[in-house]
Amino acid sequence: MDLQIALLLAQDGIVNGAIYALLALALVLVFAVTRVIFIPQGEFVAYGALTLVALQAGRLPGTLWLMLALGAAVAALDGPAAWRLGRRRLAGLLGRQLVYPFVIAALTYGAAPQDWPMLLQVALALAIVVPLGPQIYRVAYQPIEEAPVLILLIVSVAVHLVLVGLGLLFFGAEGSRTPAFSEASFELGDLTISGQSLWVVGASLFLIVALYVFFERSLYGKALRATAINRAGARLMGISTTLAGKLSFLLAAVIGALSGILIAPITTVYYDTGFLIGLKGFVGAIVGGLASYPVAAAGALLVGLLESFSSFWASAFKEVIVFTLIIPVLVWRSLTTRHVEDDE
Amino acid sequence: MKSSQSLLSVAIVAALSMLTAPAQADINVGVVVSATGPAASLGIPEKNTIALMPTSIGGEKVNYIVLDDASDTTTAVKNTRKLLTEDKVDVIIGSTITPNSLAMIDVVAEAETPMISMAASAKIVDAANPKVKWVFKTPQNDVQMSTAITEHMANAGAQNVAFIGFADAYGEGWFHEFSKIAEARKIKLVASERYNRSDTSVTGQVLKVMAAKPDAVLIAGAGTPAALPQKTLREKGYKGAIYQTHGVANNAFLKVCGKDCEGTFLPAGPVLVAKQLPDANPVKKSAMAYVQKYEAANGAGSVTTFGAHAWDAGLLLANAAPQALKKAKPGTKEFRAALRDALEGTRELAAAHGIFNMSASDHLGLDQRARVMVEVVKGDWKLIK
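Chains A and B are the protein sequences, given in the same order.
Per the numbering used here, the first sequence starts with residue 320, numbered consecutively.
Per the numbering used here, the second sequence starts with residue 162, numbered consecutively.
Please note that a few of the clues may not be correct.
Cβ pair distances, simulated, as ranges [said to hold, decoys possible]:
| # | chain 1 | residue 1 | chain 2 | residue 2 | range |
| --- | --- | --- | --- | --- | --- |
| 1 | B | His337 | A | Phe534 | 29 to 35 Å |
| 2 | A | Phe534 | B | Thr246 | 57 to 63 Å |
| 3 | A | Lys541 | B | Glu423 | 37 to 43 Å |
| 4 | A | Leu510 | B | Thr235 | 55 to 61 Å |
| 5 | B | Lys436 | A | Ser504 | 36 to 42 Å |
| 6 | B | Asn321 | A | Ser537 | 57 to 63 Å |
| 7 | A | Leu507 | B | Ala330 | 37 to 43 Å |
| 8 | B | His337 | A | Tyr539 | 56 to 62 Å |
Keep in mind the hints are simulated off the structure, nothing from the lab.
Idealized CB from N, CA, C, for every residue including glycine.
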């Protein structure tokens, strides 16, 4: 292995690691706020990418129907309570869950998004996929939001299986790619850096900074942090844990869908691609103990690099090497941190 | 009161058994396909093909009972048992993939029911296993395809060849066959790498392959995941020849791979290029028949070679069943045995993938007419004459 190969591998590892880092952040965020281990995180990656593919091909993405159906379900679930709380509440609920999906659906159906510029297509894909996050929270998790972590985990597995099955139904078994955001490439010594990999790393950095600003500077961000630190305490201070849950799922959906859209030009995305990518993000999140954002991001980057180099040295054992990383990390963590029996 | 109650329960039981027991003398065909899970891209066209199969053979009505095994071996076995015990099928078609088909052999042999597999491995019909008496298959063996590739490589003057394959039974099977035949042809294997169907990057493997400076690279993958190493090879500036296996022969692969696939060589069943076959080719007529029928039902350009394996299984059945009907009634042990004998006696049956000539030692029955070399030219398959 010479320097050039090492540099190419490192570049590849960093690009993949950036995506894993985003997913690791989303997993940590959801777990900290709601105690849900969000296995379906990866599905948002696939849904985001494949929805964009469908829009570019001039097809109606199946996720649109899912959003309409879940919107109707949420409206039915929350309708009676909103009715009692007054007309404005009800109007807000119906606007979000019925009018918005129909406007988006009409736009997708009528305005021929395959002829739009790429950026608008991406925005439309996000507008379709992102509402699924809070909707899934409302339907699957909110009724059991006080349940033990184990039950939340079991529900996560169920949601994951349902979403993968729907993914196959919506998008079919074959994979797809999207055109690159930018065809540009830069020469740096012996190294060629593609514009798309810069997009991935740049967008990841931007999202990380944006999340930081959101948590440090905005009221909602602070509410989320408060819920993560102490649920009961936050509640006593008038912070709605349900709202915090929905908000964290919204952010997770944004991150997931955006990750999918970012990697779709680099690799072929299948209806079930997201799971493995999410799992690698999860390994990164575990390195951070499902609590620390910077350590989780660093852990995810480590996973990306490890994967890249092990695919060179021992390609048949790549996944084994990546997932075995979790064992020494867990041993080290259980030796160094005091275990607190805080749950249940 | 009591007697009326028992009368009612008898009536219910009778009604239920009427529902489950198939009508007498219909031929019942159990189908196990992998319509979901990792092999879904193979299983879905197979499932679509079942819908095109004849609904009556030799004057008897044919019922197809299709179950999905989700690409899972345990489910495949469970479905097979269900078809045999509850639906009392006369023959099983399935499954899509090799591990499932291998696991089903024991079950069908125990029930003495013929089975026609749509999976590729030669092991499924390995004559050394006595249970294989009941098992037939339609896809070409990997070894037939490997021979075609090595022949083409040798003719093109390639001496050093690299291999990138799936890290599963498909990739390993190919590596095993290919490395053996390549050695016999004096082709040196300079690198051998593996990757997973779900991998998002194969940069490491590709760099290692390129460092070995091969004249040609063989990618042993199935469906669209096989496009990833090829795209990465071209992206990193590899200029040599690239070979794929017949596992990629569908249009989704061409679409995903795009211009990076220009000039790729692969062996495939003749059905892939049915229109381009010379009229003298004995397979042309039967292959075109399938292509036209499938595309009429599922749209132009939708046909795949995988669905054609299911079609061939249907042709074998339609050819053998009338002979078996002369000997026994469907639904009986005698009929199943007669059907097995008739399948084994298949002679010169022109199907979508070639001409079948079965024998006691060969339950595949395809010869060299069952493969052609194809090149990707301008985003389409082109027959190499």
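Practice task
Mind listing which of the numbered hints don't hold for this structure, in increasing order?
Solution key: As far as the earlier hints go, 1, 3, 4 are violated by this structure, in ascending order.
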